[in-house]
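What the sequence shown shows, in mature numbering (1 follows the signal peptide of the UniProt record, and there is no 0), is residues -22 to -1, 1 to 513, in sequence order.
These aren't lab readings, by the way, just hints derived from the structure by calculation. Where is the CB? At the ideal position from N, CA and C, for every residue including glycine. Hints are supplied without guarantee of correctness; some may be wrong.
To be verified - Computed Cβ-Cβ distance ranges for the label pairs, DEER-style:
hint: 1; residue 1: E213; residue 2: P352; range: 50 to 58 Å
hint: 2; residue 1: P304; residue 2: R398; range: 32 to 40 Å
hint: 3; residue 1: G496; residue 2: D349; range: 32 to 40 Å
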Amino acid sequence: MRFRAFLHAAAIGGLLAGPGAALQPAAAQSSQQQPLRLVMNTELQVLDPVFTPSVVTRAFGFMVWDTLVAPDSQGVMRPQMLESWEVSDDRLTWTFRLRPGLEWHDGTPVTAEDCVHSIRRWGARDGLGRQLMAAAKELRVVDQRTFVLELARPFGQVLEALGKAATLVPFMMPARIAQTPPNQQIQEVIGSGPYLFRREEWRPGDRVVFRRNPNYRPRQEPADGLAGGKRVHFERAEFVSIPDHSTKVAALQSGEIDYLERAPLDFIDMLRRDRRVVVTRGLGGGEIYGVITINHTQPPFNDVRMRRALQQAIDQSEVVAALGLPEDMVHRQCLTLFMCGGPFATDAGTESLRNPSPDRARALMREAGYDNQPVVVLHARDSALIDPIAQVAIEQLRRVGFNLDVRSTDWSTVAQLRTRREPVAQGGWSLTPIVWTGFDMQNPMANPALVYNCANVYPGWWCDEGQVPLLQRFAAESDPAKQREIAAQLQARAIENVSIVTLGQFASPAVYRANLRGVLEVGFPVLWNIERVGR
């Protein structure tokens, strides 16, 4: 064996197995008995999908919990836990009825009371949920399987809210768990979904273990998007931690793992040529949008002129080029807040951004009286998606004269630091490059740049009062053409206020073993409907 190959093999064994554990070779088990193994892009740290917008917690949530309705591959909301719903002629009264025989993982029945408490807790934290609850007059239980949502005013996004796939997802939980205060994390992980979480086997930094839920009753319809029957063909599934990109790719190629949530960008061309694996396109809702979140509460970016200087300093084409992706996986420039190619994509308000100008950036800084005060940038150097675009953005900002204090650390630390509201001299921050997904941005009612406006909960704490009635109008509207008109107005205001600065749109494809069948490409991994065929 060559020395490099020997090191690769040793690294795979050590990183995948962890202390005192080993992966059972594929040959020792039948193809379906061997666990289905997935490597997520980030570590699972928080188990409450209503508490955190973390995408890995969302993926965890879809393993354990279920939703009342779910979008199919065309984005149409279909019944999931629900058997049916009825809407009054004035569309103010919605009556929901659960499917019979639904059970929580502890064997108790799923009831309407559980759902009412779950909706209320989610509605206290989520942007779209808050809009729904603000429009609600009453949410009440009728019987064990029936509950009613009565609206005080029209709300055109009821099903879109209850079937929301973007974080935060409205997962249903037992009433006793859903009564946990919204600002506290749940302590029990009991769902009704297709997998059981094995807390006793969870080793943070190593693996998250799930078992097939033997009592789960999938719908009869075929799986389609996140809708339809969630049929599980593996007794065991695992989220495995492998930080090193070379090692995780080698583990995939050897069959030690089955699925990478995000293909390491430097390996995509090579993986596309490997017949043992399938590289998804990662387009549409699965695409990634780089953004700079801005602390609007502290100088210098409490001045809109300084925020507009940021806009003029950023050249998206240069940023996305740093990713090294194939040309068909990047947009050289995408200025809409709703993802290029999305149903609400618009050019409204983007005129000043089409030809960014360092000279205009410097002029705006002079006009604002910028005096070289430090600008603290939180840089997640361990993120394969954030790091390359952040480095280019940082260089562009330095070119126009921002005095940057770049604090490079891991994503977990960045996530904690960006919740601080203090001035930079007291440990606060100014800018944080991050990424959002298409699922988070395509719909104005889920887009963080819009739904967290004036909500005072999302790091950055931006507020443009003029957007508030527009978002309420959008929520009340059900006509698609009028929704698009309002979405364009919302985008124009958000760009004028500079709620965030956009860095560009690009694909971040998943990659999985070619012997897997039934993989559902919904923008993030779901581990039902999958079968392994041979080795």
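Hints, one by one, checked against the model:
Against the hinted window of 50 to 58 Å, the Cβ-Cβ separation of E213 and P352 comes to about 55 Å, which satisfies the hint. Taken as a hint, the range 32 to 40 Å holds for the pair P304 and R398, whose Cβ atoms sit roughly 38 Å apart. Restraint check, G496 to D349: a C-beta distance of roughly 60 Å breaks the suggested window 32 to 40 Å.
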